[in-house]
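Modelling step: build the complete structure from the supplied sequences, incorporating the hints.
Just so we're aligned: the sequence shown equals residues 260 to 424 in the numbering used here.
The set of hints was computed from the structure by calculation and includes no laboratory data.
As the structure is a computational prediction, the values presented were derived from the model and not from experiment.
Some clues are possibly wrong.
When the alpha-carbon atoms are kept at most 20 Å apart in a straight line, the in silico SDA-like pairs for lysine to any residue are as follows [unchecked claim]:
1) K304 with V332
2) K337 with A399
3) K407 with I364
4) K407 with P359
5) K347 with L422
6) K407 with N366
7) K347 with D285
8) K342 with Y382
9) K347 with L282
10) K337 with D285
11) K347 with K304
12) K337 with K347
13) K304 with K407
14) K298 with N319
15) K304 with A356
16) K304 with K337
17) K337 with K298
18) K304 with D285
19) K337 with C388
20) K347 with Q370
21) K337 with P359
22) K304 with N392
23) K304 with L282
24) K347 with I364
25) K342 with Q421
26) K342 with C388
27) K342 with V332
28) K347 with I369
29) K304 with K342
30) K337 with T323
31) K337 with S314
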Amino acid sequence: AYNNDNLLFDEKYFEYMNLTWQLSSDAIHLEIIDRSCAKFRITAKNIGNVQIIFSVTHRNFSITHSNTFNVYVFDTFKLVPQKIVLLKNSFYQFQFAGGPPIRSIINCTIQNSQIATIDQNFYVVAQNCGSTNLHCSISAINLITNQKINYGSTSAIIYVNQLTN
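Following this line, the structure appears as structure tokens:
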């Protein structure tokens, strides 16, 4: 954690400090797991954005505040619908719900491409009769660390039938 002068808090003294925090909303619950290294558990309660500011009271009663941390809570990533029946040679564009709101990367694969295929715009084309699974995962690039973060996956079942008389 960094203080408001952009200097690192000295972690070796955490267990002796009075560590407190302020939350901008009640969308999360924050609890300390290990006071010696200031390890926390964040539990989501609602969807939204929460800003956290940590404060440390030192032995000389001076107070140091951290920079503001943002925590984003979003709904579970899922495909809509999760089951679909298509006629052979028809197509359908899948929609997504939940997941990170911006800068998301969604990758989708179909278990059996003989039954159906999917393009980059998430249009599924029914090829042959049968059933297959569509599996999609969502990730994003952390703009600070430039690391890819996986936010979950979801799947749907695709049934392909032929129109009969």
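Tested hints:
no. : hint           : result
1   : K304 with V332 : holds, 9 Å
2   : K337 with A399 : holds, 16 Å
3   : K407 with I364 : holds, 10 Å
4   : K407 with P359 : holds, 13 Å
5   : K347 with L422 : holds, 8 Å
6   : K407 with N366 : holds, 13 Å
7   : K347 with D285 : violated, 49 Å
8   : K342 with Y382 : holds, 15 Å
9   : K347 with L282 : violated, 53 Å
10  : K337 with D285 : violated, 25 Å
11  : K347 with K304 : violated, 43 Å
12  : K337 with K347 : violated, 25 Å
13  : K304 with K407 : violated, 25 Å
14  : K298 with N319 : violated, 24 Å
15  : K304 with A356 : holds, 18 Å
16  : K304 with K337 : holds, 19 Å
17  : K337 with K298 : violated, 30 Å
18  : K304 with D285 : holds, 7 Å
19  : K337 with C388 : violated, 25 Å
20  : K347 with Q370 : holds, 17 Å
21  : K337 with P359 : holds, 12 Å
22  : K304 with N392 : violated, 32 Å
23  : K304 with L282 : holds, 13 Å
24  : K347 with I364 : violated, 29 Å
25  : K342 with Q421 : holds, 17 Å
26  : K342 with C388 : holds, 15 Å
27  : K342 with V332 : violated, 27 Å
28  : K347 with I369 : holds, 16 Å
29  : K304 with K342 : violated, 29 Å
30  : K337 with T323 : violated, 42 Å
31  : K337 with S314 : violated, 38 Å
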